[in-house]
Amino acid sequence: MDEFYEERKTRAISDLNIVPILDMFISIVFFLLLSTSLLGLTKIFLPPSGVHTITDPLTPPPLNPKMFLKSSSAGVKAILKWEGAKPGASVRELPNNILEDSARLDAIAQMKELVQTYKAQFPNEKTLQVGLDAGMPYQWLISMMDAASDDLPDLILLSYNEAQAIKE
Amino acid sequence: MVELRSRQRAEVINLNLTPMIDVCAILIIFLLLGTVFGPSSVIPPSDIRVPKSVNKDVVENAAQIVIRENEVDIRFLKKSVPLAVFQNEDSDLFKSLKGEIDLYIKQIPESLKQSGILINVLADRNISYKKVFDVSRFFRASGFQGLLYVAEGE
Numbered sequence: 001m002d003e004f005y006e007e008r009k010t011r012a013i014s015d016l017n018i019v020p021i022l023d024m025f026i027s028i029v030f031f032l033l034l035s036t037s038l039l040g041l042t043k044i045f046l047p048p049s050g051v052h053t054i055t056d057p058l059t060p061p062p063l064n065p066k067m068f069l070k071s072s073s074a075g076v077k078a079i080l081k082w083e084g085a086k087p088g089a090s091v092r093e094l095p096n097n098i099l100e101d102s103a104r105l106d107a108i109a110q111m112k113e114l115v116q117t118y119k120a121q122f123p124n125e126k127t128l129q130v131g132l133d134a135g136m137p138y139q140w141l142i143s144m145m146d147a148a149s150d151d152l153p154d155l156i157l158l159s160y161n162e163a164q165a166i167k168e
Numbered sequence: 169m170v171e172l173r174s175r176q177r178a179e180v181i182n183l184n185l186t187p188m189i190d191v192c193a194i195l196i197i198f199l200l201l202g203t204v205f206g207p208s209s210v211i212p213p214s215d216i217r218v219p220k221s222v223n224k225d226v227v228e229n230a231a232q233i234v235i236r237e238n239e240v241d242i243r244f245l246k247k248s249v250p251l252a253v254f255q256n257e258d259s260d261l262f263k264s265l266k267g268e269i270d271l272y273i274k275q276i277p278e279s280l281k282q283s284g285i286l287i288n289v290l291a292d293r294n295i296s297y298k299k300v301f302d303v304s305r306f307f308r309a310s311g312f313q314g315l316l317y318v319a320e321g322e
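Taken in sequence, the protein lines are chains A and B. The numbers in the working numbering rise by one with no breaks, and the one at position 7 of the first sequence is 7. The numbers in the working numbering rise by one with no breaks, and the one at position 154 of the second sequence is 322.
Derived from the structure by calculation, the hints contain no laboratory data. Accuracy of the hints is not assured; some may be wrong.
For the chain A half of the interface with chain B, some residues (derived, Cβ under 8 Å), not all of them [unchecked claim]:
#1 Leu-22
#2 Phe-25
#3 Leu-41
#4 Phe-45
#5 Leu-99
#6 Arg-104
#7 Glu-125
#8 Leu-132
#9 Ala-134
#10 Gly-135
#11 Met-136
#12 Pro-137
#13 Gln-139
#14 Ser-159
#15 Tyr-160
#16 Ile-166
One-sided excerpt, in silico: chain B residues whose CB lies under 8 Å from chain A [what the hints assert, rightly or not]:
#17 Lys-220
#18 Ser-221
#19 Lys-298
#20 Gly-314
In this text, all values refer to a predicted model and were calculated from it rather than measured experimentally. Beta carbons: idealized from backbone N, C-alpha and C, even for Gly.
Please put together the full structure from these sequences, using the hints given.
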C-alpha cells in the first residue's frame, strides 16, 4: 500500500548569506553620508544691468527708487527714497542684531512692508537700487534683497559711498 | 551516586536582519536623491558661514568665487587674489586678472552664454558690504552678467 504514496521530499532551504550585502549597504551609507552636503543652499539673483534712455521730454522724470541701510549706535535705519514728479521717502527702524533668526525675520518683514507700500503707489515699477554702509555685514544685503525681490525683482547694487552720503 | 549534570545547550540567537536592511535601503535612496553629483556643485568652504535667506531658488551651476577677509578665491581660475587688487584698478595684477577672465569668458560655449554669463558668489555672512561690493563690481565689469549670491535656506 505504501508504494502508492510517494515519499514526501524535504525541501532544502538554502540560507542566503546576507552578510556581504549588509557590508556593502553600510559602506554605501557611510560613503554617501560623508560626501553629501546637507546644507540647503539658495541663491539671490542680481540681474544684468541695463541702460534706459528717455527720449520723450514730456515723460515725467524717472522715479529712481533707492533703498539704503544706515547703521549707527542707535540701530539700523532702512530708508526708501524716490524721485519723479512727486519725490518722497519712507523710513523704518530695524533691529540691530541681524544674525539672530528672529531679528532677521523681523527686519525682512519691516523692509518688505516698506517696499510694498512703495509698490502700491507705483505698481508698474520693477527696479530698486540697494546700498548699505561700507562696514555693514553682508547678511544685511541678502536680507534686503530677500525683502525686495518679490515686488521689485530688478535689483541694482549701489556703492557704499552713495549710501554713506545719503541723508534722511 | 552519579551526579547527573544536565548539559546546558547554547542558545542560538537569530538576529532578524530584515528591518535593518530596510532601513539601510531607505537611507541609501534618501542620500542618493539628496546628493548633488558633479564637479560644479556649490560647496561652501568649511571656514565660511554663508548668509541665511528666505529665498527658495535653487543654486545654479556656474563659475564660483569665494570672498574672504583678505583674499578672493577664484575657483574657476584655480587661484587666490588679494582683496586689495579689486580696489586698485591701476595695478598690473588687476589688469592681468581682467585679461584672464576675458579669456575664460571667451571659452564658455555659446549655448551656455545664451542663458547669461553667471557667477556664484560665496562669502561669510559677517564680511563687510564694502568688500562684497568691490568684488561684485569687478566681476560685473569683467563680463559676468548675473551675480548669484549663495545663501543658506531658512
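Consistency of the hints with the structure:
1. Leu-22: holds, 7 Å
2. Phe-25: Since the shortest Cβ distance to chain B is 4 Å, the answer is holds.
3. Leu-41: Holds, about 5 Å.
4. Phe-45: At about 6 Å, which falls below the 8 Å cut-off, the nearest Cβ of chain B leaves the hint on Phe-45 of chain A intact, so it holds.
5. Leu-99: With Cβ-Cβ at 7 Å, under 8 Å, it holds.
6. Arg-104: Because about 7 Å separates Arg-104 of chain A from the closest Cβ in chain B, which is inside the 8 Å limit, the hint holds.
7. Glu-125: Check failed: Cβ of Glu-125 of chain A comes no nearer than 20 Å to chain B, outside 8 Å.
8. Leu-132: For Leu-132 of chain A, the interface hint holds, since the closest Cβ of chain B sits about 4 Å away, which is under 8 Å.
9. Ala-134: With a minimum Cβ separation of about 4 Å from chain B (threshold 8 Å), the hint on Ala-134 of chain A holds.
10. Gly-135: Holds. Min distance 5 Å.
11. Met-136: Constraint on Met-136 of chain A satisfied, holds at 5 Å.
12. Pro-137: holds, 5 Å
13. Gln-139: Check passed: Cβ of Gln-139 of chain A comes within 4 Å of chain B, closer than 8 Å.
14. Ser-159: holds, 6 Å
15. Tyr-160: Holds. Min distance 5 Å.
16. Ile-166: violated, 14 Å
17. Lys-220: Result: holds, 7 Å to nearest chain A Cβ.
18. Ser-221: holds, 5 Å
19. Lys-298: holds, 4 Å
20. Gly-314: It holds, given that the least Cβ distance between Gly-314 of chain B and chain A is near 6 Å, below 8 Å.
Violated hints, listed in ascending order, are 7 and 16; each of the other numbered hints is respected by the structure.
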